[in-house]
Amino acid sequence: MEQQKKHPPVCADFPHMIHGGDYNPEQWRDTPEIWQEDMRLMKLAGCNEMSVGIFAWAVLEPEEGKFDFSFLDAAMDNVYQAGGRVILATPSGARPHWLADKYPEVLRMNASRTRALFGARHNHCFTSPVYRAKTAGINRRLAERYQDHPALMAWHISNEYGGECHCPLCQQAFRDWLKEKYQGDLEQLNHAWWADFWSHRYTSWEQIESPSPIGEMAVHGHTLDWKRFVTAQTTDFMRNEIAAVKAVTPDIPVTTNLMGFFPGLDYWKMKDELDFISWDSYPDWHSPKQEWEMAAQIAMRHDLNRSLKQKPFFLMESTPSLVNWKLVNKLKRPGMHKLSSLQAVAHGSDSVQYFQWRKSRGSSEKLHGAVVDHCGHEHTRVFRDVAEVGALLQKLDGVVGTMPVSETALIYDWENRWAIDALQGLNENRRYEETCAKHYQPFWRRGISVDVLDRSQDISRYKLVVAPMLYMADAATIGRLVDYVKAGGTLVCTYLTGQVNENDLCWLGGFPGGKLKEVFGLWAEELDSLYPGEQNHAVTPSGESYPVQDYCELVHLEGAEALAVYRDDFYAGMPAVCVHSYGKGKAYYIACRDTGELTDTLYGKIADDLQLARALPNLPEGVTAHMRSGGGESYLFIENYNAHPTAVMLDGAYRNLETDEMLQGEIAIEAYGILVLQKS
Amino acid sequence: MEQQKKHPPVCADFPHMIHGGDYNPEQWRDTPEIWQEDMRLMKLAGCNEMSVGIFAWAVLEPEEGKFDFSFLDAAMDNVYQAGGRVILATPSGARPHWLADKYPEVLRMNASRTRALFGARHNHCFTSPVYRAKTAGINRRLAERYQDHPALMAWHISNEYGGECHCPLCQQAFRDWLKEKYQGDLEQLNHAWWADFWSHRYTSWEQIESPSPIGEMAVHGHTLDWKRFVTAQTTDFMRNEIAAVKAVTPDIPVTTNLMGFFPGLDYWKMKDELDFISWDSYPDWHSPKQEWEMAAQIAMRHDLNRSLKQKPFFLMESTPSLVNWKLVNKLKRPGMHKLSSLQAVAHGSDSVQYFQWRKSRGSSEKLHGAVVDHCGHEHTRVFRDVAEVGALLQKLDGVVGTMPVSETALIYDWENRWAIDALQGLNENRRYEETCAKHYQPFWRRGISVDVLDRSQDISRYKLVVAPMLYMADAATIGRLVDYVKAGGTLVCTYLTGQVNENDLCWLGGFPGGKLKEVFGLWAEELDSLYPGEQNHAVTPSGESYPVQDYCELVHLEGAEALAVYRDDFYAGMPAVCVHSYGKGKAYYIACRDTGELTDTLYGKIADDLQLARALPNLPEGVTAHMRSGGGESYLFIENYNAHPTAVMLDGAYRNLETDEMLQGEIAIEAYGILVLQKS
Amino acid sequence: MEQQKKHPPVCADFPHMIHGGDYNPEQWRDTPEIWQEDMRLMKLAGCNEMSVGIFAWAVLEPEEGKFDFSFLDAAMDNVYQAGGRVILATPSGARPHWLADKYPEVLRMNASRTRALFGARHNHCFTSPVYRAKTAGINRRLAERYQDHPALMAWHISNEYGGECHCPLCQQAFRDWLKEKYQGDLEQLNHAWWADFWSHRYTSWEQIESPSPIGEMAVHGHTLDWKRFVTAQTTDFMRNEIAAVKAVTPDIPVTTNLMGFFPGLDYWKMKDELDFISWDSYPDWHSPKQEWEMAAQIAMRHDLNRSLKQKPFFLMESTPSLVNWKLVNKLKRPGMHKLSSLQAVAHGSDSVQYFQWRKSRGSSEKLHGAVVDHCGHEHTRVFRDVAEVGALLQKLDGVVGTMPVSETALIYDWENRWAIDALQGLNENRRYEETCAKHYQPFWRRGISVDVLDRSQDISRYKLVVAPMLYMADAATIGRLVDYVKAGGTLVCTYLTGQVNENDLCWLGGFPGGKLKEVFGLWAEELDSLYPGEQNHAVTPSGESYPVQDYCELVHLEGAEALAVYRDDFYAGMPAVCVHSYGKGKAYYIACRDTGELTDTLYGKIADDLQLARALPNLPEGVTAHMRSGGGESYLFIENYNAHPTAVMLDGAYRNLETDEMLQGEIAIEAYGILVLQKS
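Protein sequence lines, in the order shown, are assigned to chains A, B and C.
The first sequence maps to residues 17 to 696 in our numbering.
The second sequence maps to residues 17 to 696 in our numbering.
The third sequence maps to residues 17 to 696 in our numbering.
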């Protein structure tokens, strides 16, 4: 692990941990004293970055073809003079009124085929040639103007891409995309969509329409291809935006801010267009849920973002205090701001950035948390929290470019999620994402690093692969899993594995499909569903009993061994958890959905068997640890999500980077505390 | 009872219990080996019928006017060669894409006046001349091609008719229907719809529009006439379909698959067009509800279907395992498949049929239960269950054509339901259907057969008539009820009886309207509503106390006797249950909604008083019994809905038709067991 | 208080308490015997008024320009001959079919830009020149025909104005209204709407559209101005209606029936057009809620209606029994009809009127309560209740024109409510109206009269002003509050005070905005939200502890004194309730939302400190008292909302106006009883 290389920083001449956030000086053009105050406060807060221009198009181009860069010129200069850098946004997330007025095609049409009026944001057509030309135009101008500005650090392409457009242009693009996918052969499409069902055969490409509540919603292949198209078309739109800036500034890195497991877009199809990954994280801290479960849930998202390009990412947005759009908007308790910010770093982020720098005076986000409050000064709890993070980050330049190392991969697959969301049979409690989170927790609790991948990634280098509810498994995926186990890998799957291929057509010949039955040594005949509150139990030969809920698959052993069997109901005694040796490897099959205990115990044993590396052994409940290494150095992050101080035993000597203290043996971490230690 | 005649079987030359289901070989045209396998498995499963072509239009007529019957030719031949018969469907439930493309009028328009896109199913305009011509055309061609095919047993007209269309053609048809109904006199319509309310007078027929969320929803007479029109227009569409096949095959019986108490269509207005009744039944077995309550609920639906034409019906669809569209899709516990299938037979079905024979590989129903699973072979629990039913049915040819005999009629009236659904005053907890079910249960628990009728049927032959919540009672209905009691009948009504006439206009002069006050010997002044969880009690003179919920009517005795009075609130001491002798009969009035105990006790006493015949006396909880007789033979079905074996005492000597064993005295029925016995 | 003048009655020559209600004889034109019966029953019920013609347009003008006043002629004559008066309605609440057919612009367009079909009511465009001309036309004709009819007592302008229209005419009117408001300067609008946020700048007035789910919903200034426009446009429409009748009958007073705190219209902007205020009250008596809490909630609405013009109002609608549109429609328990009716009088109503006189035979309101039931006679509980109220009102002529006197004002502000409803940050539990009700209750329980004002009213004459959740406080409002306290007033505000100005732009420099920080002697830094069920506590120095929920503001003392501090969480010890002397007055700040106990205790102490006058001291729970005085006379109303008799101690000698008995010392009031006493 010590041999691992260090990745270069995003900005070669600014090799620092980045601390900053979304900044909208265009809203304060008539109060230049506030611009000056922003710079004073930026330095006070230990910030070194501002993300500018995200929604500034109407100010930048007030009339078609007439430009006014004055506010942005000032912002670039000001930030640079204050010692910072700018991540400059392309403004496509919202457009000027004149653009929508003159070219209505840029506005989105919803699934009911109603064209939007002007308003809101993130609602443009991804196909419209006009919108592509206009966004490329403003992007190119921005690049031309600031290509040599020393503040320009990276491009923030658009903002939180998402949503769908069902306009005639998109319908035609969908048809063209399908024509290419199915090689111009409509019969291939009819087969993939199983079109003889309900007489839904297509006899012409022109008949194809996107899914609609006033049309077709129940043809799985159709739904799935539409979702794939939406990702493809959004990516294509983004490519068009990137090309415009890259033509002028080929060396300035580009990113776009992703949104965790946002169901609308398959980020694995977008990642290759980006130079580095960034994302927006808004945890529900202090909810009635266990604090550490929320922490693990966020941790899994950080791991996804790191895994996308297997290198450090940016935390592009997070709130310095609370948000204004949750059911209950809680203040962060003392310590939580630093803990939450540094958690991202622990998982591989080379930045801590905020939405937003200063609260807007009006409109929908005026009560969303910000570094600078409406009161306007630095004497707030939030500002002090931010400044504390700033001070710490300034000591972490060495961490930039280092990485956690994972021996375990967890498969969270977008297309599989779409298939599970669409499938009829599970209804309310399908919970794919939540189930993946439950299978992630046992590793988080043990300080074991996990990569989060989609089903198409290379898994050969991992000791352990966990793929919960892998309902959709195409032949290539099945092949990879078979080869992986055969070559000595350990694989864990669950109920609902390998039922359909990439077109959502069921595998014939018994589940799990194809050779997976051989790998797991079993056949899954039926799936029983339990009512909310109803339970069965999985019992081991030694009598341990674990509650089971929601789903019980009825499987028959064909070579596998039962590690636990059902206790109740007419399938009492049938296998609930199985293991099978296959080739040089092992395949586990968890036939039921448990409440967490069973999974935790099982993964604990597997982790021991495989001797999976832990950042720190023997972690108490509520505490986790992560290690980043590279270039011969290792940094240990120990995070305490308990509301009380918690004792942890170190496994060697470390230097606390915040205090410069040397630590070893048993130490206490304060409530919601985090330590950043360098191994000595 | 022994004198009762036996009805002829649906197919004169195939006098067997029918066992089969929906079969879609058109989905497997490129895998003929699967067609062959289907025939092998059909015989293995003891099946003798396939329902074919339900959604096959796009394959049968791939281009307008070009036909391809090859898959259907093969299916007809194959099934016949395997010893079975085919129920051939007309394919109007879904249409080919070209048909919707060329003639958009065939697509439905919703109540908000938006035309549907192509997609889904069961969504055509019932008025469109084009669709009527096209469906008649394909129907006639099917009839012409297969009129002499020996496999052709019956016609399955369309599939699960339902829904509404609000297109301009339907608006005009609605106006024409109204013009005929109101004899061309708009003032009659204005009076019936009480149009002076809110200035809603019509001064021209052209002003009339169907109910709409963007127009009129609150005029009860209007809403009611629209619902009547929807039934009339659907029936007219069906008549057009039937005429096309009857023109060629006048002797082949026709049916369409009904859906229990489906609220959208008044099946009593459709029944005369059909040669025999069939329906689709999907119970919620193993839900948190008491199992026997679900059984009674389904039993009431079977009885409705038998009562529609007072002869045996078909169970056209049921699932061999689970469905894929409930909140929780449970597997059937061992025994339940046979029990549930034979329950239909016990109530008068001469078939057990399934949706579906083989699971589709793709699209929305691919995970819906089927006889043949994706695994493709017969070694499944479900297949074995089906084959067991097949084996038993083969022994029940003698049952074909026999009938239960009922001395009790329960009124469930569609128009009354529509009126109750529309009325403003009861809001959330109106529960007409559920209330009828509560009044049906006491008979089910006692093995007493019940006919389920609408309010317009002849009731003179019954010993007892039960009409819960008969809010709508036109003058003719009131006349029938008065005559019935006068002539010696026993009638039970409840709160909310006889408040409106057939136009939903309130009866003036006090409720219940017209002579009903005399029949019941009381006047109902007010209706109090209770909050969820709030209770009152009905107490008898001897001190028995029964909980009461939801509704308490305040009635005044005008000749009747109070059997129980309210215990609480300002109406404590007022009558809660009344009885009145009228003519040679008796009329009971239950003024409140009870939780079930009161009703059960009351009906128990009435059943004793009237000596209502029971299939078997002294049934334990969870067990019921039904008798079918005819042609001098009687068959006793004893059904155990308990999850444990239950002892039953026979009242004579019987032969078990499944085992050929002779039984008498106390016998044990296994958990979810059913016995089919012949009286000896 | 004895010096207070008496207001003249609405109808100078009819100086009586008014008792009557909505009367629709047009529905019974073919049964003249029912018209005669109505008059007989009207006298029996002690009624002296009928509100006629509210939805009669289609009968009055059956064809465009052809009129038929025959039913109305008869009704006017009949009522007058029976000794009553008529409040004559303008019929704009619903229109004849021909009007909508010929001029579709009169129909409303919803926010999704869909034009309504004909149907329902209260759904016309408020801008349409055609509709304005047509309503003015029918109004003028009514006025011309009945200007000299002795029955004509007042005009009932339209019915329950409400709702919005988004048609092109309204869009243009909205733009014109904005142009005037912002003095033709689009930059003023852009600033007020903070339009640089999300690039929403307007560069032309024509770009402006009303809020829409398919367009803009999140720009607070925009939403707020739209709501203001809706009130302005509705008022303008009403002004047009009033002008038509005033042109002919300048001396006949006009009113329109308001609806309590109906959120759609700011009644303070409408009141000046009306000669007297009237409203429609439909309490939820006998709900699971405490009866007295419902009573206080309704009391607050009565007080609003009295405060609007600071003179007696009319209770224009109330139900004589139950309504037909609540979740649970309860009968009124014995006594409640009189209590509920006279409660209105206690708070300043000079009438008790009903919806409706006689139940319609058909359509949506046929089961809504009425004085005359479908049974048609007077021998009903409801009729007797009404007649009892009639008999009592006939003894209360002396009360007409007298008024309660209030030393306390509670601010309930419509624009503030709109701002709170729109703000993003509080989400589900914002509850502005409910919170105002909680702050009203302590006064109701103590028999202390309260005026209910909006934030723009003169408050200088009150001893105490309570302004819960005054989130929106423009500079003028802040000025008034500052001056008020400075001059010696006592002010109570809460968390979320003074955060935005009249454009919903946040005050800069810290909350509460502007000089309010000085007045309260504190700075409110952050707002924490609690999950449902989560609690904190406010504890006083002496150890009293009060539960706190939903919101805890974190404030810093800057001169104020903490009366209680938080007990729990990281802000334990921070102030929860503060008081500050400012000028000659005092300002209280309640930083948290309590469950009622804390507020009640605090207001009890303040009431004692300020020696606020009480109608009767020492009231037991569930009992309140109100005093009306004028012209040297005082009338005491004592109301018992308990379901049991309750003892009350009188503070002097009184004459019971119902029985003529003299009372003093301890008396018992029956369950749901009310006494109307004259001070002697």
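If you are wondering where the hints come from, they were derived from the structure by calculation, not from laboratory data.
Treat the hints with care, since some could be wrong.
Same chains, same label: a pair holds when it works inside one copy or across any pair of copies.
Under the rule of at most 30 angstroms between Cα atoms (straight-line distance), these lysine-lysine pairs were calculated in the DSS-like manner [as the list claims (entries may be wrong)]:
1. Lys305 / Lys195
2. Lys346 / Lys454
3. Lys82 / Lys195
4. Lys346 / Lys531
Tested hints:
Taking the shortest Cα distances, Lys305 and Lys195 never come within 30 angstroms of each other, neither inside one copy (47 angstroms) nor across copies (50 angstroms). For the homomeric pair Lys346 and Lys454, the shortest alpha-carbon distances inside one copy (25 angstroms) and between copies (24 angstroms) are both at most 30 angstroms. For the homomeric pair Lys82 and Lys195, the shortest alpha-carbon distance between copies (26 angstroms) is at most 30 angstroms, but the shortest distance inside one copy (40 angstroms) is not. Within a single copy, Lys346 and Lys531 get their C-alpha atoms only as close as 50 angstroms, which misses the 30 angstroms cut-off; across copies the closest is 28 angstroms, which meets it.
In summary, the structure is inconsistent with hint 1 from the numbered list given earlier, while agreeing with all the others.
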